[in-house]
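Q: Residues per chain are reported as follows:
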Amino acid sequence: MDWGALHTILGGVNKHSTSIGKIWLTVLFIFRIMILVVAAERVWGDEQDDFVCNTLQPGCRNVCYDHFFPISHIRLWALQLIFVSTPALLVAMHVAYRRHEKKRQFRKGDQKCEYKDIEEIRKQRFRIEGSLWWTYTSSIFFRLIFEAVFMYAFYFMYDGFRMPRLMKCNAWPCPNVVDCFVSRPTEKTVFTIFMIAVSSICILLNVAELCYLLTKFFLRRSRKAGNSKQQPNHENKEETKQNEMNELISDSCQNTVIGFSS
Amino acid sequence: MNWAGLYTVLSGVNRHSTAIGRIWLSVIFIFRIMVLVVAAESVWGDEKSAFTCNTQQPGCNSVCYDHFFPISHIRLWALQLILVTTPALLVAMHVAYQQHQEKKLLVLTGHADAKHMEEVKKHKMRIAGSLWWTYVCSVVFRLLFEAVFMYIFYMLYPGYQMMRLVKCEAYPCPNTVDCFISRPTEKTIFTVFMLVTSSICIILNMAELVYLVVRACARRSRHNSNPSSGKGSFYGHKHSSEYKQNEINQLLTEQDGSLKDMLRRNSGLQEKGDRCSAC
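Chains as they are written, first to last, in UniProt numbering: chain A, 1 to 262; chain B, 1 to 279.
Hint data in this document are derived by calculation from the structure and do not stem from the laboratory. On a predicted model such as this, the values are computed, not experimentally measured, just so you know. We put the CB at the ideal spot given by N, CA and C, even for glycine. Just to be clear, a hint being listed does not mean it is correct.
Stated by the list, open to error - Derived Cβ-Cβ restraints for the label pairs, each shown as a range:
1) N224(B) with W133(A): 37 to 43 Å
2) Y97(B) with D2(A): 51 to 57 Å
3) D2(A) with R222(B): 54 to 60 Å
4) S19(A) with R15(B): 52 to 58 Å
5) S200(A) with P174(B): 32 to 38 Å
6) L83(B) with V198(A): 24 to 30 Å
7) I201(A) with R222(B): 52 to 58 Å
8) I145(A) with K104(B): 36 to 42 Å
9) W172(A) with Y154(B): 26 to 32 Å
10) K122(B) with D2(A): 26 to 32 Å
11) Q57(A) with R15(B): 56 to 62 Å
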C-alpha cells in the first residue's frame, strides 16, 4: 500500500469532482507526492547519518538530533498529504451510497427509475447537488483545515521555513555547548519553500472551489425561485424535468445518457 | 506477496461488508498500513545502527539493543495488521461457498447458462443466516487481536513512550552503561498515532457488532410478526419433498433480491432479456 494505491483510490473520485477539483488533484499528485517520492526523500535520506556534532561524547549526536528535529520534514509532509487527500473519500462513499440506492430502485422495477441498464448506473456521473453538495463542500472544508494545521505545525516546529547550517546544542550528555552541523541545508531550504508554495497553491484552489460551489448553489436557487414565480405549478414538473435532462446531456462529458433517446 | 497483495485480497471482501466494515477497511489501509509503509518504516530504519552506547566494549551495543527491543515496533505493527485483517477471509470463504451452492441450485432448476452464472458471481450477498454468524465471528476475532496486540505493546514498551536514554548492564557491558536511542520523539509521535488509529478501529468494530446484532433482532421481530413467510414448516418433516422445497424457497429469499428477480423475470419475459444483461 503506497502512493500508487492512493492514486488509484482517488482517481475514482476524480470523476465526480468539479474542474477545479480535478486540477487540485493533479497538482497534489504531480507537484507534491511525486516530488516527495523522487526528490525530497533523497535529500532527507542521510539526515541523521550526516548530522555531525563537534564532540566525541557518545550519545550527544543522537540527543541533539532528536532535540532539533522532533519529527522529520518528510514524515510531516507524508502525513499532511495523507490527511489532505482522504476527505475526498467522503465524496466517494456518498456516491457509492447513491449508486446503491439507484440500483435498488432499478431492481424493484420502479417506474420513476429512468435507467435501462445497471451498467448505466455504474457509469453515471452524479451532479453535485442536494446532499452530495453538502458532502463535497465539507470535504473541501476539511482539506483546508488540514492544510492550514500542517502549515502551522511546520512553522511552529521549525521557526520559519529555513534550515540553518549550524545548531548549538547543550542537551545532556553533551559536555557543554556543542556545534552541530546539518547536512544539505540549502537544498533542504529550497525543497521546503517549494512544498510550502505548492501547499499555498492548493489552499487557493480549494478556496476557489468553495466559492465556485457556493456561487453555483445560489444561482441554482435563484433560478428555481424565478421559475416557480413565472409558471403555474402543474406545468412546472414536466418542464423542470426536461430542463434537468437537457442540462445533464450538456454537462456530462461521457456518454452516460444513451437511454434518453426519445 | 506484500501489502498491495493483501489489499487486492481484501478489496474483494469489501463488497460483502456492511458500511461500517468498509469504513474500517479504509481506515486500516490508509491510516495504518500506508502510514506504516511510507513513514514509520523510515523512522525505524536506522534503529539499530544509530543505537549508541557510551562504551567501547565489543558486543555491549548489540546485547543492550536486544535487551531493550525484543521485537521492533515495526514488526509488531506488521504482525498486528496482518492478523487483524485476515478474519475477513473467513467471510470471503463463506461467500465463495454460498456462491457455489447458488450455482448448484441454478443447475438443479435448469437455469445454468453463462449469464446466470456470471450474475451469481457479481451480486452482493445479504448478511443473514449462517453468513451472519461467520461475519460476527470475524469481527469478534478482529477485536480480540487488536486488544491482544495493544496489551503486548503496553507490556513490552510501558507507557508507549520512547525514552532518549536507557541504562544497560547486561554482560559483556563492564558496568551500567548509557545507551542512546535514535529519534525517540519521532518514534513516540508515530507510536501514539498508531495507537489512536488502533483505538478508532476497535470502536468501529464494536459499532459494527452492535449494528449487526440490532439488525438481526429487528429482522427476527419482523419475522415473528409476519408468520406467513413459509418458515412454519421448517421444523416439520425433515426428509420430505416439502422440506426440500422449503429449503429452496428459503435459499431464494435469503439471497439478495437479484437472484430471485432474475429467475422471476426470465421465466416468462424472453423479449426483455437484453434488459437484464447486468442485473
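Q: Taking the hints in turn, state whether each one holds.
A: Each hint, compared with the structure:
1. N224(B) with W133(A): 37 to 43 Å: 42 Å, holds
2. Y97(B) with D2(A): 51 to 57 Å: This hint is violated: roughly 33 Å between Cβ atoms.
3. D2(A) with R222(B): 54 to 60 Å: 46 Å, violated
4. S19(A) with R15(B): 52 to 58 Å: Cβ of S19(A) to Cβ of R15(B): about 31 Å, so the range 52 to 58 Å is violated.
5. S200(A) with P174(B): 32 to 38 Å: Cβ of S200(A) to Cβ of P174(B): about 56 Å, so the range 32 to 38 Å is violated.
6. L83(B) with V198(A): 24 to 30 Å: This hint is violated: roughly 39 Å between Cβ atoms.
7. I201(A) with R222(B): 52 to 58 Å: The hinted range 52 to 58 Å holds for I201(A) and R222(B), with Cβ atoms some 55 Å apart.
8. I145(A) with K104(B): 36 to 42 Å: 54 Å, violated
9. W172(A) with Y154(B): 26 to 32 Å: With a Cβ separation near 28 Å, W172(A) and Y154(B) satisfy 26 to 32 Å, so the hint holds.
10. K122(B) with D2(A): 26 to 32 Å: 29 Å, holds
11. Q57(A) with R15(B): 56 to 62 Å: Holds: the Cβ-Cβ distance is about 59 Å, inside 56 to 62 Å.
Of the hints listed earlier, those the structure fails to meet are numbers 2, 3, 4, 5, 6 and 8, in rising order.
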